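Novice: Guided by the hints, dock chain C onto chain L, whose structure is given.
Taken in order, these protein sequences are the chains called L and C.
Position one of the first sequence corresponds to residue 63 (this note's numbering), numbered consecutively onward.
Position one of the second sequence corresponds to residue 202 (this note's numbering), numbered consecutively onward.
These aren't lab readings, by the way, just hints derived from the structure by calculation.
Careful: at least some of the hints might be erroneous.
Said to hold, decoys possible - List of simulated lysine to aspartate or glutamate pairs, EDC-like, C-alpha gap at most 20 Å:
#1 C:Lys436 x L:Glu450
#2 C:Lys784 x L:Glu497
#3 C:Lys260 x C:Asp442
#4 C:Lys784 x L:Glu450
Here the structure is a predicted model, which means the values were calculated and not measured.
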Amino acid sequence: MIREAVDAVSAGRAGGAAAGEALARAVAFMALFAALNASFRFLARRSLLVTAREVEQGVRRHLFSHVIRLPLPFFHATPTGDVMSRMTNDLTAVWLFLGPGLLTLIGTSISWVMAVAFMLRISPSLTGLSLLIAPLVVLLSREYGRAFHRQHRLVQESLAGMNAALQENVSGIRLVKAFALEAREEERFGRQCREYYRHNLAVARTSAAFHGAIGFLAGAGVALVLYLGGRAVALGELTLGGFVAFNAYLAMLAFPTMAMGWVINLFQRGNAAMGRINEFLRRPTEFEGKGVAAPGVLPLPREDATGDAGEPPLLEVRDLTFAHETGGRGEALRDVSFSLRKGEVTGLAGPTGGGKSTLFSLLLGFHPAPPGTIFWEGRDAAEIPLPELRRRVALVAQDPFLFSESILYNVCFGRDALDPAAAREAVSLARFRDEVEEMPHGFESVVGERGISLSGGQKQRATIARALCSGAPFLLLDDALSAVDAGTEREIFDGILSVRGERTVLFSTHRMASLSRCDRILVLAGGRIVEEGTHDGLLSRRGAYYDLYSRQMLARELEDSS
Amino acid sequence: MSGGEGFFLEDRVDARGVDWKLLRRLLRYVVPHRGILAGALLSLACGTVCQLSGPYLIKVVIDRHVTPGNLAGMGGWVLLYLAALAGAMGFLYLQMYAVSVLGQRVILALREEMFARMERLPVTFFDRTPTGRLMTRLTSDVEALQELLSSGLVSTVGDAAVLAGTAAILLWMDPRLALVTFAALPVLVLFVELLKKRIREANREMRRKLARLNAFLQEHVTGVSVVKAFVQEGKSERRFDALNGEYAAESVRLTNYYSLYFPGVEMFATFAVALLLWRGGLSLLHGAVTFGTLVAFLEYAQKFYNPIKDLSDKYNILQSALASSERIFQVLDSDVSPEYAPVPGPALSRPSPPSRPSPPPVLPVPAVEFRDVWFSYPRPPAEGARADAEGPPVLRGVSFSLMEGETGAIVGATGAGKTTVLSLLCRFYEIRRGQILLFGRDIREIPREELRGTLSLVLQDPFLFSGTVLENVSVGGNAVDGALSVTGVDRFASEWEAGLSTRVGERGGQLSMGQRQMVSFARALSRDPKVLLLDEATSSVDPVTEHRIQEALGAILPGRTALVVAHRLSTVLAADRIFVMHKGKIRESGTHPELLAAGGIYRRLYSLQFLEASGT
Numbered sequence: 063m064i065r066e067a068v069d070a071v072s073a074g075r076a077g078g079a080a081a082g083e084a085l086a087r088a089v090a091f092m093a094l095f096a097a098l099n100a101s102f103r104f105l106a107r108r109s110l111l112v113t114a115r116e117v118e119q120g121v122r123r124h125l126f127s128h129v130i131r132l133p134l135p136f137f138h139a140t141p142t143g144d145v146m147s148r149m150t151n152d153l154t155a156v157w158l159f160l161g162p163g164l165l166t167l168i169g170t171s172i173s174w175v176m177a178v179a180f181m182l183r184i185s186p187s188l189t190g191l192s193l194l195i196a197p198l199v200v201l202l203s204r205e206y207g208r209a210f211h212r213q214h215r216l217v218q219e220s221l222a223g224m225n226a227a228l229q230e231n232v233s234g235i236r237l238v239k240a241f242a243l244e245a246r247e248e249e250r251f252g253r254q255c256r257e258y259y260r261h262n263l264a265v266a267r268t269s270a271a272f273h274g275a276i277g278f279l280a281g282a283g284v285a286l287v288l289y290l291g292g293r294a295v296a297l298g299e300l301t302l303g304g305f306v307a308f309n310a311y312l313a314m315l316a317f318p319t320m321a322m323g324w325v326i327n328l329f330q331r332g333n334a335a336m337g338r339i340n341e342f343l344r345r346p347t348e349f350e351g352k353g354v355a356a357p358g359v360l361p362l363p364r365e366d367a368t369g370d371a372g373e374p375p376l377l378e379v380r381d382l383t384f385a386h387e388t389g390g391r392g393e394a395l396r397d398v399s400f401s402l403r404k405g406e407v408t409g410l411a412g413p414t415g416g417g418k419s420t421l422f423s424l425l426l427g428f429h430p431a432p433p434g435t436i437f438w439e440g441r442d443a444a445e446i447p448l449p450e451l452r453r454r455v456a457l458v459a460q461d462p463f464l465f466s467e468s469i470l471y472n473v474c475f476g477r478d479a480l481d482p483a484a485a486r487e488a489v490s491l492a493r494f495r496d497e498v499e500e501m502p503h504g505f506e507s508v509v510g511e512r513g514i515s516l517s518g519g520q521k522q523r524a525t526i527a528r529a530l531c532s533g534a535p536f537l538l539l540d541d542a543l544s545a546v547d548a549g550t551e552r553e554i555f556d557g558i559l560s561v562r563g564e565r566t567v568l569f570s571t572h573r574m575a576s577l578s579r580c581d582r583i584l585v586l587a588g589g590r591i592v593e594e595g596t597h598d599g600l601l602s603r604r605g606a607y608y609d610l611y612s613r614q615m616l617a618r619e620l621e622d623s624s
Numbered sequence: 202m203s204g205g206e207g208f209f210l211e212d213r214v215d216a217r218g219v220d221w222k223l224l225r226r227l228l229r230y231v232v233p234h235r236g237i238l239a240g241a242l243l244s245l246a247c248g249t250v251c252q253l254s255g256p257y258l259i260k261v262v263i264d265r266h267v268t269p270g271n272l273a274g275m276g277g278w279v280l281l282y283l284a285a286l287a288g289a290m291g292f293l294y295l296q297m298y299a300v301s302v303l304g305q306r307v308i309l310a311l312r313e314e315m316f317a318r319m320e321r322l323p324v325t326f327f328d329r330t331p332t333g334r335l336m337t338r339l340t341s342d343v344e345a346l347q348e349l350l351s352s353g354l355v356s357t358v359g360d361a362a363v364l365a366g367t368a369a370i371l372l373w374m375d376p377r378l379a380l381v382t383f384a385a386l387p388v389l390v391l392f393v394e395l396l397k398k399r400i401r402e403a404n405r406e407m408r409r410k411l412a413r414l415n416a417f418l419q420e421h422v423t424g425v426s427v428v429k430a431f432v433q434e435g436k437s438e439r440r441f442d443a444l445n446g447e448y449a450a451e452s453v454r455l456t457n458y459y460s461l462y463f464p465g466v467e468m469f470a471t472f473a474v475a476l477l478l479w480r481g482g483l484s485l486l487h488g489a490v491t492f493g494t495l496v497a498f499l500e501y502a503q504k505f506y507n508p509i510k511d512l513s514d515k516y517n518i519l520q521s522a523l524a525s526s527e528r529i530f531q532v533l534d535s536d537v538s539p540e541y542a543p544v545p546g547p548a549l550s551r552p553s554p555p556s557r558p559s560p561p562p563v564l565p566v567p568a569v570e571f572r573d574v575w576f577s578y579p580r581p582p583a584e585g586a587r588a589d590a591e592g593p594p595v596l597r598g599v600s601f602s603l604m605e606g607e608t609g610a611i612v613g614a615t616g617a618g619k620t621t622v623l624s625l626l627c628r629f630y631e632i633r634r635g636q637i638l639l640f641g642r643d644i645r646e647i648p649r650e651e652l653r654g655t656l657s658l659v660l661q662d663p664f665l666f667s668g669t670v671l672e673n674v675s676v677g678g679n680a681v682d683g684a685l686s687v688t689g690v691d692r693f694a695s696e697w698e699a700g701l702s703t704r705v706g707e708r709g710g711q712l713s714m715g716q717r718q719m720v721s722f723a724r725a726l727s728r729d730p731k732v733l734l735l736d737e738a739t740s741s742v743d744p745v746t747e748h749r750i751q752e753a754l755g756a757i758l759p760g761r762t763a764l765v766v767a768h769r770l771s772t773v774l775a776a777d778r779i780f781v782m783h784k785g786k787i788r789e790s791g792t793h794p795e796l797l798a799a800g801g802i803y804r805r806l807y808s809l810q811f812l813e814a815s816g817t
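Okay, chain L solo, but in the shape it has when bound (with noise of 0.2 Å):
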């Protein structure tokens, strides 16, 4: 365009108002022809890096519902920092590379396509020796590709590790700040930190080395055209004009180049990050590799139920030996078997470390249990899809976790819409409706990270009240009531009781004014059953039992006789 004009105006200097006028006329085709390429390249700029930002919101979709469908002990190998950290840091890393990477490689191969037509159109030998340092190139980029990539890796390692290492620390705060820890953790932290600096200025190292090998190749390729060109032009093979354009276009092609190493880093970057991002989503998920039985399956017969010919039990354990995979503390559960029928209410005793924990997580199927190990309503455990066989069961955890929302949302989180009416009845049985209806806002306050606002007691009221709104027929409360006073546990339990005969309930607590008032206790020591039976049953045994909850009783004697 500009040629085009400047030859206009070289035409004109002799002929006055026609050159005024192509020069004009030239002009207004250069504006029109910026004007042109601004909505071209603004239209190809948006496609394509609004086309990576949908590719980048799918997978970190596609990676969250893979990732809370991940068994249960994945989560406890995997500190949460990592797991944050590959779908925040490492998502990031494959955007950079399909948006502004993609974006850079396409612009830089058009330029090169052009240059090397319009470099072919003047001289194709000059070209094809021009060529020759492009193989050197791409030996090159492939080198310092590999390195790219290992070193990347261990970036984005680090970067998880830092992340670990803050997440820890954040959620420990209390402890920290009690502890006068503060020094310890910034040690802590201020070693991630530099062993990611450390990682970084390797990448830096390479970066910097490989763009300057590439410039100094693409520049190589200059000096050769220089002097076999210049050959060429004195031996009268070549024209000047020609020779000069042709050094013009091949001092175009340097930027595109060195531009290739900037997103051969990105590609390589994004690469190592998808391989983590991989990594999660190759794990199969607790639901694959499970037999899904079709419904309709009929439960299995089977000749030895114990119990009432009838109705099979609704839960049934048979034998069952269970060894966590990881920390090496041997057989968690050993032969452990009972039954539990429809509308009984159940507590289970028994010391510290019992198993009791591990039972629940494998009631619930957090860990698969060996198949006929565990049996509902006659049926395989192993083979009632794992949703299903949550949704008999509600579990309230020892540690009561609730999400930073309002209690409505918490307590409803069993159910699949929120439903004011049943959650005040839940809160009513648990004992939490009194103090929720005192708050400003009631059921709409929002009880912080983890509950943060609410005390220890009225936490786990919370996730009694959630396990009973979620309607499922099945209660499994694992020490639930540790941090609520005795007055307020038999409240509770009162409640529990109400609801006896619909729900089923698996109780397990160190207090003996609960326990008594179950229908059956099952002693659970050493990851064996060691003793089943009624309150004053077991008492009158003098075992287990006795040896565990006769403190309590002598203590209650003392008192009554001072």
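Specialist: Chain C only, in chain L's frame:
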């Protein structure tokens, strides 16, 4: 999003243009590394010289050898060209590396400073800032600065130099045509102005959405067992989708602006060249300028607008870096918890004791004393209320004292304020009114290290660090062996293969609740504290274990002051003094028989809570 919005501190900031104060503050972090910066700039200058000598060498080759057809000696010039190139690339390497070192060092320093500041923020800050949001600040916000601090800074200096030089040359060659060349600048500036506000706002909005998305993510990874237990994967997914969609929409909006930005700037630059061509061409036709001047002008006009394009690119980097640095400085500017403030010298704050009286009649100083303490948790800054607005009072004039060597038990219904008493003693929160004294000194006058060395707390929620059992216990102090045996941790750990080196997992998740409590109990004892604070610490262990702990306490407590939030009769009975809390007040205090005889709240509590807890 139904909830969360009112409760948490939001990170909204006012929309402004480039905030020079912010930028200056950011640049202050570069100052310690000015040597590296100078090196980078020097490399940049040397590299540019080498690079610029390339075209000159080509010209020499053409003029001296190619045009006259004289090939002798041409190889030497080509080799010189290669040498210049090698020099240019060598300097490029140095410059790129120096620039990365600079950026990474600044970021390292910034990150460590942020962390150190964060550690000293009041507990209230953590109560109200979701973990995910904090993490976003320390990771991706800091990361966003890197580009500015590394490549941005140095190349901006280079670009600015080229720009100034070109402008000077243009003005020197022909002031009138130079003004024509600059004619497009105001339009360009207007265009940039129009977009930049939007870009900055979109950028900030996007970061906010991202922080929210991450907070959700973080919470659902932490609470994944609840999601699973209630089969709510679908619901969580839908909510995540919504947040993800909001974030994506914001990022698309930003992308659109950027897509408009670069081609737009380039278009205006081309317009400027076209204008120059037109005006210059006409001048040429009138003989006002020479042909050579016009060609040179066109070359320089392009050189003039190239750095402008680059600078506008840098401007975007600057924008997003500033959006991040605002959020970073917000953390750095948050007030640290008062306990980290330097403690006023005791001589200044306390009336110096009157000339020492003869020793015998010295009244014993209580180990722990609360004097008319009023406290309310800060209300979440919802509904436009001031951020430090007070919530309903939790403690209403609490007064009690505990002598050295005594065990005090705090009893009362849930929500009576028992845990709050312990938190205040640790100075997690500042009291509104009254005074808390530790061995006769106001805790506000005791240096933090000393305060926390005196106290040892067992939290209701026994948080363990992901490390080994031994590491967790020795976090507390040096009296590890005694603490391990007294709590029975060594006994149950010895049953595991790895013993005390068994890893406890994140938050101690690999251990049972009871085991976690005992480890946290051992941790508290290992520092051999003067005052032991227990918050329902024994409520999740079986009676036999509890008994063991009670026995251990019996061995430890004599001579050591302990304040226990108790739910168990055995604990209450072991206490020297019992404080009965009711609705934020201490209503009764005394020994067990005294209180029983008095027939007040304690008697009712006793029959309701403790008797039933232990009886049939």
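Novice: State for each hint whether it applies.
Specialist: How the hints compare with the structure:
1. C:Lys436 x L:Glu450: Roughly 16 Å between the alpha carbons, so the hint for Lys436 of chain C and Glu450 of chain L holds.
2. C:Lys784 x L:Glu497: holds (12 Å)
3. C:Lys260 x C:Asp442: The given pair, whose Cα atoms are some 61 Å apart, is violated under the 20 Å limit.
4. C:Lys784 x L:Glu450: Roughly 45 Å separates the two Cα atoms, so the pair is violated.
Taken one by one, the earlier hints fail for this structure at numbers 3, 4, listed in ascending order.
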